[in-house]
Structures are given as C-alpha cells and as structure tokens.
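S.K.: Sequence:
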Amino acid sequence: LGYDASKVKVAINQFVTTTVGGQTVKMSTRKGNADLLDDLIDDVGADATRLFFIMRSKDSHLNFDVELAKKQSKDNPVFYLQYAHARICSLMRLAEKEVGFDETSATGASLPLLDSEPEIDLASSLLNFPDVIQSCLRLLEPQKMVEYLHTVAERYHKFYQECPILKADENIRTARLELSLTVRQVLRNGFRILGISAPESM
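In this text, residue positions in the sequence shown follow our numbering: the first is 227, and each later residue adds one.
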C-alpha cells in the first residue's frame with residue numbers, strides 16, 4: 227500500500243458474534259455460513275459498522291447487535307452521536323432565519339458569560355479533546371474517543387434541554403450559540419478521526 231512498514235502497528239481484535247432479535251447467529255467457516263464484513267455494511271451501514279467495532283476494546287469480545295445498529299433512537303450509539311451534530315446544524319439554520327445569527331462571524335468573546343452548571347460541564351468536556359486524542363494514539367484504544375464523544379453529546383443534549391438558546395437575551399443567546407458551534411466542531415473532528423460521517427440533518 228506504500229506505507230512505511232516500520233510505522234505500522236497491528237492490533238488484533240477478539241472474536242465477534244452477531245445477534246439478531248436477541249438470538250446469536252451461529253457461524254461456521256467450514257460450512258460457509260460466516261458473516262462477512264461487507265454483509266454487515268450492506269445491512270446496517272458503514273458508520274454503524276465502523277463505530278460498533280471501534281467502541282469496544284480490542285481485548286474484549288464484541289457482540290454485534292444488528293437490530294440495535296439499525297435503530298433510529300438514542301439507544302443506538304452512532305445515531306446518538308450523529309443526532310447531536312445534526313441538532314446543532316438545525317439550530318444554526320434556525321438561528322440564522324429567526325435572529326440573523328451569522329456563524330461565520332462568531333468570535334467566542336461572549337463565552338465567559340456562561341456560568342450555569344450544564345454550560346460549564348459542557349465547556350469543560352471540550353477542553354479534554356486534545357488529551358483524548360493523545361490517549362487514543364498512545365494506547366491504541368480508539369474506543370476512548372467514542373466514550374469521550376458520547377459524553378460531549380450527552381452534555382450537549384442536557385444543555386440544549388435546560389438552557390434556552392434562541393429565546394435568551396441577546397448576549398446569552400450569542401454565547402450559547404457560539405458554545406454550540408464549538409461542540410459541533412469537536413464532534414466533527416472526532417467523527418473525522420473515527421471515520422464516520424457528520425450528517426447535518428436526520
């Protein structure tokens with residue numbers, strides 16, 4: 227492939243089983259009824275397939291729940307993460323339409339106005355992003371990025387529910403919109419590292 231072999235590290239994952247409807251799909255390579263990765267991708271999509279494999283430690287057995295991977299709900303980890311990104315994109319479209327917010331002119335200067343618990347928790351989690359990247363690289367544990375992004379998404383959903391954005395006073399509204407933009411960028415960067423898409427609507 228043209229890569230420097232001295233810089234390549236190979237990590238072997240543990241055994242993977244597939245379940246459908248709570249039932250384990252019995253596989254046998256000798257009988258020719260083993261699931262292929264291409265089959266999973268065709269069935270649940272590339273994003274779900276990739277994330278389900280990444281989110282477990284390479285030293286842990288993976289139970290790939292096909293029905294869960296197809297769910298359009300918060301129970302599905304890839305849907306949960308991507309929905310947070312899509313929610314912010316939707317918010318930005320609405321903010322531009324209703325209050326004339328221009329995300330390209332955001333400076334972050336109003337962020338110090340935010341002092342509620344959901345806002346501080348969310349902002350604090352964003353500061354950990356560089357350390358998480360280094361940890362994933364050093365330990366060869368990409369699941370740490372999935373866990374981190376799940377925390378960011380979870381805190382954003384809490385912030386979104388508890389802190390009015392478009393109906394807030396102008397300065398606070400701007401600050402909350404700019405915090406949302408920062409969250410979106412961290413999610414996008416994390417998705418890019420993991421190799422999954424960042425949909426703008428769902």
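Bear in mind the hints are in silico, worked out from the structure with no lab data behind them. Please read these numbers as outputs of a predicted model, since none were measured by experiment. Glycine included, each C-beta is placed from N, C-alpha and C at the ideal position. A few of these clues could be false.
Okay, derived cross-link-like pairs now, DSBU-like style, lysine-lysine, Cα gap no bigger than 35 Å in a straight line [said to hold, decoys possible]:
#1 LYS284 to LYS296
#2 LYS384 to LYS297
#3 LYS384 to LYS323
#4 LYS300 to LYS323
Restraint ranges, calculated between C-beta atoms of paired labels, are given here [as the list claims (entries may be wrong)]:
#5 LYS284 to THR333: 23 to 29 Å
#6 THR243 to PRO338: 19 to 25 Å
#7 ALA394 to LYS284: 41 to 47 Å
S.K.: Each hint: holds or not?
M.R.: Cross-check of the supplied hints:
1. Proximity of LYS284 to LYS296 is assessed by CA-CA distance (about 23 Å); at most 35 Å being required, the pair is judged to hold.
2. Between LYS384 and LYS297 the CA atoms are separated by roughly 21 Å; this keeps the pair inside 35 Å, and the hint holds.
3. Distance restraint check for LYS384 and LYS323: the Cα-Cα separation of roughly 24 Å lies within the 35 Å cut-off, and the hinted pair is therefore satisfied.
4. This hinted pair checks out: LYS300 and LYS323 have alpha carbons roughly 28 Å apart, not beyond 35 Å.
5. LYS284 and THR333 have their C-beta atoms about 42 Å apart, which leaves the hinted 23 to 29 Å range violated.
6. A beta carbon spacing of about 50 Å between THR243 and PRO338 contradicts the range 19 to 25 Å that was offered as a hint.
7. The given range of 41 to 47 Å is respected by ALA394 and LYS284, whose C-beta atoms sit roughly 44 Å from each other.
Hints 5 and 6 from the list above are not met by this structure, while the remaining hints are.
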